[in-house]
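**Q** Keeping their order, the protein sequence lines are chains F, U and V. Sequential numbering of the first sequence, starting at 1, is according to this note's numbering. Sequential numbering of the second sequence, starting at 1001, is according to this note's numbering. Sequential numbering of the third sequence, starting at 2001, is according to this note's numbering.
Keep in mind that the hints were calculated from the coordinates and are not lab data. None of the values given here were measured: they were computed from a predicted structure.
If the Cβ cut is set under 10 Å, some of the chain U residues that face chain V in the computed set are:
#, residue
1, ASN1152
2, LEU1321
3, ALA1322
Cβ coordinates follow ideal geometry from the N, Cα and C atoms, glycine included.
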Amino acid sequence: MFLKNCWYVAAWDHELLDGRLLARTILEQAVLLYKSESGKVVALQDRCCHRGVPLHLGRREGDCVRCMYHGLKFDPSGKCIQIPGQEVVPAKLGVRSFPVVEKDHLIWIWMGDPARANPDDIIDFPYLRDPQWKGVPDYMHYDANWLLIVDNLADFAHLAFVHTKTLGGSEEYAYVTKPVSVERLPDGFRVERWHMDAPPPPFHNKVLPAHLKGKPVDRRNIGRMHIPGIFFLESMFSPAGSGSEQGNREGTREYRNCQFMTPQTRRTTHFFWVYLNNWEAGDANISRSLHASLIEGFMEDKHLIEAQQKVLDADPSFQMLAVAADAALAHFRRTFDQLVTAEQAGEAAAPAVIEVRKPHQAGMPA
Amino acid sequence: MFLKNCWYVAAWDHELLDGRLLARTILEQAVLLYKSESGKVVALQDRCCHRGVPLHLGRREGDCVRCMYHGLKFDPSGKCIQIPGQEVVPAKLGVRSFPVVEKDHLIWIWMGDPARANPDDIIDFPYLRDPQWKGVPDYMHYDANWLLIVDNLADFAHLAFVHTKTLGGSEEYAYVTKPVSVERLPDGFRVERWHMDAPPPPFHNKVLPAHLKGKPVDRRNIGRMHIPGIFFLESMFSPAGSGSEQGNREGTREYRNCQFMTPQTRRTTHFFWVYLNNWEAGDANISRSLHASLIEGFMEDKHLIEAQQKVLDADPSFQMLAVAADAALAHFRRTFDQLVTAEQAGEAAAPAVIEVRKPHQAGMPA
Amino acid sequence: MFLKNCWYVAAWDHELLDGRLLARTILEQAVLLYKSESGKVVALQDRCCHRGVPLHLGRREGDCVRCMYHGLKFDPSGKCIQIPGQEVVPAKLGVRSFPVVEKDHLIWIWMGDPARANPDDIIDFPYLRDPQWKGVPDYMHYDANWLLIVDNLADFAHLAFVHTKTLGGSEEYAYVTKPVSVERLPDGFRVERWHMDAPPPPFHNKVLPAHLKGKPVDRRNIGRMHIPGIFFLESMFSPAGSGSEQGNREGTREYRNCQFMTPQTRRTTHFFWVYLNNWEAGDANISRSLHASLIEGFMEDKHLIEAQQKVLDADPSFQMLAVAADAALAHFRRTFDQLVTAEQAGEAAAPAVIEVRKPHQAGMPA
Chain F
1 MFLKNCWYVA AWDHELLDGR LLARTILEQA VLLYKSESGK VVALQDRCCH RGVPLHLGRR
61 EGDCVRCMYH GLKFDPSGKC IQIPGQEVVP AKLGVRSFPV VEKDHLIWIW MGDPARANPD
121 DIIDFPYLRD PQWKGVPDYM HYDANWLLIV DNLADFAHLA FVHTKTLGGS EEYAYVTKPV
181 SVERLPDGFR VERWHMDAPP PPFHNKVLPA HLKGKPVDRR NIGRMHIPGI FFLESMFSPA
241 GSGSEQGNRE GTREYRNCQF MTPQTRRTTH FFWVYLNNWE AGDANISRSL HASLIEGFME
301 DKHLIEAQQK VLDADPSFQM LAVAADAALA HFRRTFDQLV TAEQAGEAAA PAVIEVRKPH
361 QAGMPA
Chain U
1001 MFLKNCWYVA AWDHELLDGR LLARTILEQA VLLYKSESGK VVALQDRCCH RGVPLHLGRR
1061 EGDCVRCMYH GLKFDPSGKC IQIPGQEVVP AKLGVRSFPV VEKDHLIWIW MGDPARANPD
1121 DIIDFPYLRD PQWKGVPDYM HYDANWLLIV DNLADFAHLA FVHTKTLGGS EEYAYVTKPV
1181 SVERLPDGFR VERWHMDAPP PPFHNKVLPA HLKGKPVDRR NIGRMHIPGI FFLESMFSPA
1241 GSGSEQGNRE GTREYRNCQF MTPQTRRTTH FFWVYLNNWE AGDANISRSL HASLIEGFME
1301 DKHLIEAQQK VLDADPSFQM LAVAADAALA HFRRTFDQLV TAEQAGEAAA PAVIEVRKPH
1361 QAGMPA
Chain V
2001 MFLKNCWYVA AWDHELLDGR LLARTILEQA VLLYKSESGK VVALQDRCCH RGVPLHLGRR
2061 EGDCVRCMYH GLKFDPSGKC IQIPGQEVVP AKLGVRSFPV VEKDHLIWIW MGDPARANPD
2121 DIIDFPYLRD PQWKGVPDYM HYDANWLLIV DNLADFAHLA FVHTKTLGGS EEYAYVTKPV
2181 SVERLPDGFR VERWHMDAPP PPFHNKVLPA HLKGKPVDRR NIGRMHIPGI FFLESMFSPA
2241 GSGSEQGNRE GTREYRNCQF MTPQTRRTTH FFWVYLNNWE AGDANISRSL HASLIEGFME
2301 DKHLIEAQQK VLDADPSFQM LAVAADAALA HFRRTFDQLV TAEQAGEAAA PAVIEVRKPH
2361 QAGMPA
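Bound conformation, chain F alone (with noise of 0.2 Å):
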């Protein structure tokens, strides 16, 4: 089901501000998260091992945590190192504690065997800690399971019917258009559509400036999609028929969309997201739009994901038909269901390594 050996986006760094104690499911377990007096972010178990209460209704104390209840006092390791009014602290006294890592305004999160939990296998996206790529990071909850938005996200071709007034311009973007490529990768997919000579699409054209609002523009797409549910998408405006197609990018407006899917629970889902520019120059109402815009957007997705999670529980038989449009997200599931099978044999049997790759650079604009 969940795939446990892995990172997951746990939370924005924004979220851990002024030492909060900051309650989250994920993968079903729940987990306190802090960030402690000397700066370490840490992850316990959100639930003392006394008489249950959740840590979160405790206090930080420095780098320590203090339920509020009898007052038994944890480390960051979870450790338990006082019990008021009681001389000694039993060894084995102590809740579960997760690795974790801060990197880039988001705290990671690795929910497995900590033994195989390495920071370098993060996957690095440059574009969220360079200064020149602005946004506003932001959070949106899911009623549904995240694969259903990796499937969302797997084919460009719902921005047609889904997104015609906000992100996508218009249903001829379904007809017209066609991947031009669809790699299935070891760690996901990578998919790449163009789209010649259209209207700018609603959200891009509001941000233009007057003297380009409504020209037609050459749009490309590219997508990545990393398992267990991390996205990049580059988004590249150029006018039409400037032969962005050739590499020319004399006139090129791009984004970076980041999207970052986790599970909260088998039906629910942790959605974190940034929608980056790098020409808004100083305007902070160009990012501010495109938020608004991308909140928009998403709210048409969820509406039918959270509609295809109720029916889907409706009935647990229902088989999906595929069309040829569903090549990536299919890759994806194939993929995906093979590394848990493999996690779950090796948990049960002899250890088996699970590879995640790092993000391929391939297509990637210089």
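For this one, chain F is given, so just place chains U and V on it according to the hints.
**A** Just chains U and V, lined up with the frame of chain F:
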């Protein structure tokens, strides 16, 4: 549990005005209902065969409906006739369709074997199409199994205690009246009860002209319940002592109450109804007052019946104890269970024809 | 799971004023409680034996209750004595009745074998009827198993962390005080704890006259828990150093806290309580302030305990780890489990008398 090979009311015709895509769960199946451009009602499984998105979130196009996720288009038979961006549509792609008939302002649906669906089997109630009979068609949702509503309607004695101040008029009704007859019929029952020389019940008194208000009446109720859950009630109020039981109709005011119970799920019911009179003579406030009074009365039933459902859910082992007044409901439940058993045996082995009879006309006033 | 052969608090007497039909689920059984016209409290199964409608939706008639669906009437023993429109009432028709006793403003109910119900076994707490002791009786509903509330009351150490600013007063309480004694009793436990020379806790300080506010006190708490979940707390505040531990009572202010936990279901609890003082001398604002302070404190418990219940529901395999302070609660749970096991064995085989002892008077101040 459910009887499938019979006609159920799925909607009032006014619910499908202007091409509306109506989602309605019937016998635990999600159904999409709409009126096609050419004027025929269509009933399809409300679930795209591709990724399961509900079709009622889609768009009507002429006689067809398009799923607004990836754009698959379905004709009124449920066949998929277009997949944007794909040349060939596999023949097997499609969704289930249901036989559906529009008749006398009601939309009737057949959830069982389509080969057995015969529109001639739909119960005929001419008052529904007679312009002399006026009323306000309406809908109510019950959090209760539909058989509990059938039970409720099977004994007029409940008028005395549940509806004392609305539809009943006095508790005396339970003590001094008796059913003239309880007829056990192959497809339900017929119950007749007279109450002589009593004040007019509040709902009726409200719509009487001033000189008749409060004047005693002889009241005759004839209820006719059909499997699976269709109820027609004829009510006549004659001046007390005017000889109505000998057939004298002078000064008599009559009503026709039509109620259609359609299971949504095991625990919830669609309740369609209209309360008709033939004497308002252009004064629509008569209909409106009766409609308001009936809602008031139905809410009294709903309150008790939904409480009953909770009691049954809390202890499924509870065995109800019968009293003498349960003759009609006991017959109905026994007959219904036999039909379900026969139908289910037929589905598993040899087909068995379930006969649902045309309405019993006996007792209808000329 | 539940201990049945013992007395539970079902209601405060003021909840039955004016013939009110009170619906209350106790040990997962729906019970109707009412005071008959002749003044005796009646407890009946809250479900008409005919069609299952709750009797609390009915009407009290003298000492009886009438179901307001079809009008069946039941006497205080639960026997059906009238069916409107039917001459003979079958002897077997009726609903279960429960032994019930009104005593000292509380309604006590016996959910087990009626033959074993002995009103002399009801715990006697004379302060409840002593007009010198004043308080505001109240009720709170918990979304948690009642044993989690028993646990909570079994260790005064939680005052330090949960109630620092309300009932506790300081975190020091958890470190510098110790139970003087934890007595393991056949029907529960008795715990005593002293805290010397400390500021008066906020709830007490609020009701002190100006010249005493903030003056240090010696605080004595004696808690007595009885199976199935009945708690009496004696609290005494003496001027610090006045020799209260040698029995000097001069300047001492005392409280009596009575708490009655009655399982509604496995996961929910009725919590009846009153906080008494004997020194308000006509100033009812003292009671009112204490009542408000206690609610404030109880809400702190409720917040944690209901969170605990959710944690336990999320992972029923969770094993709590004991600390030294758990002596009393561990004894209570062990004793309780033994009684339930014995009772259930007795029900299946030979009857076994479950002894629930009268209250332990040791330690009560003269």
